Structures are given as structure tokens and as C-alpha cells.
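**Q** Following the hints, put chains B, C and D in place on chain A, whose structure we already have.
There are 4 protein chains.
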Amino acid sequence: MTADRQKVVRLLRTARGQIDGILKMIDDNRYCIDISNQITACQAILSKVNKEVLNAHLANCVLHSSGNDAKEKLSEIAKILDQLL
Amino acid sequence: MTADRQKVVRLLRTARGQIDGILKMIDDNRYCIDISNQITACQAILSKVNKEVLNAHLANCVLHSSGNDAKEKLSEIAKILDQLL
Amino acid sequence: MTADRQKVVRLLRTARGQIDGILKMIDDNRYCIDISNQITACQAILSKVNKEVLNAHLANCVLHSSGNDAKEKLSEIAKILDQLL
Amino acid sequence: MTADRQKVVRLLRTARGQIDGILKMIDDNRYCIDISNQITACQAILSKVNKEVLNAHLANCVLHSSGNDAKEKLSEIAKILDQLL
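Chains as they are written, first to last, in the working numbering: chain A, 1 to 85; chain B, 86 to 170; chain C, 171 to 255; chain D, 256 to 340.
Next comes chain A alone, as it looks inside the complex:
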């Protein structure tokens, strides 16, 4: 992985902490909407991680690829875009 390792690890640990927090909220029988909002917040952190990973991938691995390797890497990106659109 070419992304900023420290930043990515920090964000993933935050997301893991949030999941622990959500498990505790369920234990405490908290309100559905509060739990839903925390799930959404955790997904937002994971999106941030994904952006970091994919931005670095495009700016490094994809940019410095060529020939069949470039073709395959761009087809991987197309597949990700297809899932998101």
C-alpha cells in the first residue's frame, strides 16, 4: 500500500473504537437513531480511509504503470467506479 500508513492506521483504529462504542450502546439499550448515527459516522471514517488508499494508489501505482499492467490497473479502477456509481 502506498498511502500514508500512519494516517490510515490511525483512522482504522478510530473506526474500530467506534464499533466497540456501538456494541456498548446496544448493551446499554440506547435509542435506535443514536445507534444508526454512530454506524453512519463509522462508515464515514472508512470512506476517508478508502479515499486515502485509492488516491495514493492512483498517484503512485497507476501513474507509474505501463502496458498491460496499466491496462489491468485501470480496469480495477473502472470496477470500483462501477460499484460506486
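Certain hints may be false.
Here are some chain B residues pointing at chain A (derived, C-beta under 7 Å) [stated by the list, open to error]:
id, residue
1, Met-86
2, Leu-96
3, Ala-100
4, Arg-101
5, Ile-104
6, Ile-107
7, Leu-108
8, Ile-118
9, Ser-121
10, Leu-131
11, Asn-135
12, Glu-161
Honestly, the hints are just simulated from the structure, not real lab data. Here the structure is a predicted model, which means the values were calculated and not measured. All C-beta atoms in this analysis are idealised placements derived from N, C-alpha and C, irrespective of residue type, glycine included.
**A** Positioned in the frame of chain A, the structure of chains B, C and D alone reads:
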């Protein structure tokens, strides 16, 4: 929370396990796209949890609310829809 | 429909005008990314319309429903949330 | 644009026809959820167009770019991913 507690807890533990797996992938210097795909898989699990929580909320808390309570609960749902649309 | 008719019609006409604009961009052989950005802008307008329609639906039709009608209306909302999450 | 022009134009005309249909539904005072579903269907068509445009762009314009041009084109893709994630 009115959702199936056992199902929700099981899914959240799976998501936490996936984050541990992603942290290990970063440690093992795995390929960016493989890491990105695992992040997406973890987000899909969290979406599944969110659906469980919100479906149960609508079918229980919102359905059995009335007056100002119903008004507030529907405004919470509108806010969630606004973020998603 | 209970949403602000004038606002919704105005937004839909804007979206239709954007589609005409995109068809013209294709005719003019414009750059892929410029076309993609216009498609995204048009989708954003449609999202805005959808928010208007669903917010008004929640604040009127759903709020003033009861019994089996309320149950069905909340199940329609659950279905929409399921598609979005 | 490098995408299949005929397919893209056909889809865009379908989307425009759907918007005309939605305007008629509003005129006919149809049910909010039916209107919302048609808006979602129209957005799905536009997503399909966007996939066509971006897939062809990656497989042609981006693949055959190099140097600063490649750098800029990949940064455009990163920007689109950022909006979607």
C-alpha cells in the same frame, strides 16, 4: 434498540474483525486495491447493520408513536434520507 | 403529491434542460470528464427533487396515516432506505 | 467523448422521457412514493450513462495518456472517486 440484538451484535463483531484484518493487511504491505476492497466489504456489513436497526425502528418505535413524538421521529427519518439521497 | 409543486416542477425542468445540454455536449464531441460532471450535476438536481418529495411525504401523508395505512407507508419508507443504505 | 455514442444518446433520451413522465405524474397528482420511485429510476439511467462514459474514458483517454497529461487525468479520476466515496 428494537432490532434483533443477536444479529446486530454478530454483524458488528464481523465488521470489527474485518478492520483487524485490514490493519494486518497494511502491516503485510498488501496491494492497495485488495485493501480498498476489504474496506468496501466492511462498509457493506455496517450498511446491513444500519438497515436492521432502521427497519426495526420504523416497524416498532415510529409505527407506535403518535402526536409530537411521531412528528419528531419522522423528522429524524427525513434527516437520514436527506443524508443518503 | 404533497411537496411544493412549483419548486419540484422547476427543478425537474432544470434537470431536463441539463440532459439536453449533455446531448449537445456529445454532439460537440466534448471531453469525457466534462460530460461526466454534467451527468453528476443532473443527478444532484434529481436528488434534490427526491428529498423534496420524500420530506413532504413524511411530514404529511405518513404523519397523518394510522393503522394498516401507517404500517404500509412505513414499510415503503423502509424499502427506500434499504435501497439507499 | 470515447464512449459508445449511440448507446449513451439512447440512454439520455430515455432519462429525458422519464423526466417528462414525472412532470406528467405531478400534473396528475400521483402518489409521492410512485413519483420518488420514478426519480430513482431516472437517476439509475444517468448512473448507467456515467459508467459508460467513465469506463470508455479510462480504457482510452487515460490508458493512452502519459507524463503530465496522465498525472492530470488520474487526478480527475481521484476527484470523482472522492465525491462518490
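**Q** Give a verdict on every hint.
**A** Now the hints, each set against the structure:
1. Met-86: Interface hint status for Met-86/B: holds (5 Å vs cutoff 7 Å).
2. Leu-96: 10 Å, violated
3. Ala-100: Holds, about 6 Å.
4. Arg-101: 5 Å, holds
5. Ile-104: 5 Å, holds
6. Ile-107: Since chain A brings a Cβ to about 6 Å from Ile-107/B, closer than 7 Å, the hint holds.
7. Leu-108: It holds, given that the least Cβ distance between Leu-108/B and chain A is near 6 Å, below 7 Å.
8. Ile-118: 5 Å, holds
9. Ser-121: 5 Å, holds
10. Leu-131: Check passed: Cβ of Leu-131/B comes within 5 Å of chain A, closer than 7 Å.
11. Asn-135: Status holds, d = 5 Å.
12. Glu-161: 5 Å, holds
Of the numbered hints listed earlier, the single one contradicted by the structure is hint 2.
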